[in-house]
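Q: This is what each chain is made of:
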Amino acid sequence: MHWLLRLYPRAWRERYEEEMLALLEQHKITPATVVDLLIGAIDANLNYSGMVEGVAGMVNRLRTSVVMVFCAFMLFGVGWSMLQRLTDPLNQFNAVATYHPEFRVLFDADFVAGCISFLAFLIGGLPVFFISLRRAIKRKQKNVLIAFWGRAIVFAGKHPCYGGIGELASCRVCIDTH
Amino acid sequence: MRKNESGRFSDASFLILSSLANGAKHGYAMMEDILAFSGTQLEPGTLYGAITRLEKQGWIEALPTEDRRRPYRITAEGVMALRKQVATLEQVASVGRKRLASLEGF
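Those protein sequences? They're chains D and Y, same order as listed. Count along the first sequence from 1, then add 159; that gives the number in our numbering. Count along the second sequence from 1, then add 213; that gives the number in our numbering.
Treat each hint with caution, since some may be false.
Okay, the calculated bits of chain D under chain Y, using three or more residues with CB under 8 Å as the criterion [unchecked claim]:
1) 173 to 182
2) 196 to 202
In silico SDA-like cross-links for lysine to any residue, where the CA-CA straight-line distance does not exceed 25 Å [unchecked claim]:
3) D:187 / Y:284
4) Y:297 / Y:312
5) Y:297 / Y:311
6) D:187 / Y:247
7) D:297 / D:226
8) Y:269 / Y:311
9) D:187 / Y:231
10) Y:269 / D:259
11) Y:297 / Y:236
12) Y:269 / D:172
13) Y:269 / Y:234
14) Y:269 / D:206
15) Y:269 / D:226
16) Y:269 / D:181
17) Y:269 / D:297
18) Y:297 / Y:280
It is worth saying that the hints were derived from the structure and are not from the lab. Yeah, the Cβ is synthetic: ideal placement off N, Cα and C, and Gly gets one too.
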């Protein structure tokens, strides 16, 4: 059960871990106990650590959350990009969509949802990006700047409009604008 | 007295306060006592979630650790909170009894 208690925040463990372990040694462990401890860990992470660790702890937690959201969006982006290949080759997709218009509706809905989430990500993320970039330039943090430019080059390389590995047909924005 | 912020732990909090009303107890003793007087088997995650909140609210306080186990006791604020909860429950029970009595003809 010790591994389950590792899911609790550090501040909580410092205060309650030893007595909880003593209790678990006496308690009959069932699947309900494991589920209960998992829910307890989520609750403790949401409600306990911030209050005890103070502002510095909350800032760290906020930073971790931002990174997690960023990673989650990247994963979403991978799935979304793959779905955009559904139209490839376009004539076959059009033929299928003629008989089953729900495919086109679903594809368009997915495309719109992806665009909205990307916009939301930009609105939320650009201020953070610019603050980080400005700080990196001010402090001359070359490693951070290289990471930023590296991402930009990779993005440009993957995008079909910049001669990347994709085909023009895969980018709906490009189809509409070219 | 502070507003009850126990959320989903409100029932567990009430049981813990009731258990501590007749003396200080550590976690496992509380679980056993609660099972005996209410038939409710509290799991450790729920128990410590409620203990955390009750401690934060100042309704219970920890005593020095004894052999890895830390006893808790109810505070004066906790006694007031328990009294209020008991009064509310008694009022609800009283209304329930009266309404059930009116149903006896059916």
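Q: Hint by hint, note whether the structure agrees.
A: Structure-based check of each hint:
no.	hint	result
1	173 to 182	holds (count 7)
2	196 to 202	holds (count 6)
3	D:187 / Y:284	holds (20 Å)
4	Y:297 / Y:312	holds (23 Å)
5	Y:297 / Y:311	holds (21 Å)
6	D:187 / Y:247	holds (16 Å)
7	D:297 / D:226	holds (22 Å)
8	Y:269 / Y:311	violated (38 Å)
9	D:187 / Y:231	holds (23 Å)
10	Y:269 / D:259	violated (59 Å)
11	Y:297 / Y:236	holds (19 Å)
12	Y:269 / D:172	holds (16 Å)
13	Y:269 / Y:234	holds (18 Å)
14	Y:269 / D:206	holds (11 Å)
15	Y:269 / D:226	violated (30 Å)
16	Y:269 / D:181	holds (22 Å)
17	Y:269 / D:297	violated (43 Å)
18	Y:297 / Y:280	violated (34 Å)
In summary, the structure is inconsistent with hints 8, 10, 15, 17, 18 from the numbered list given earlier, while agreeing with the others.
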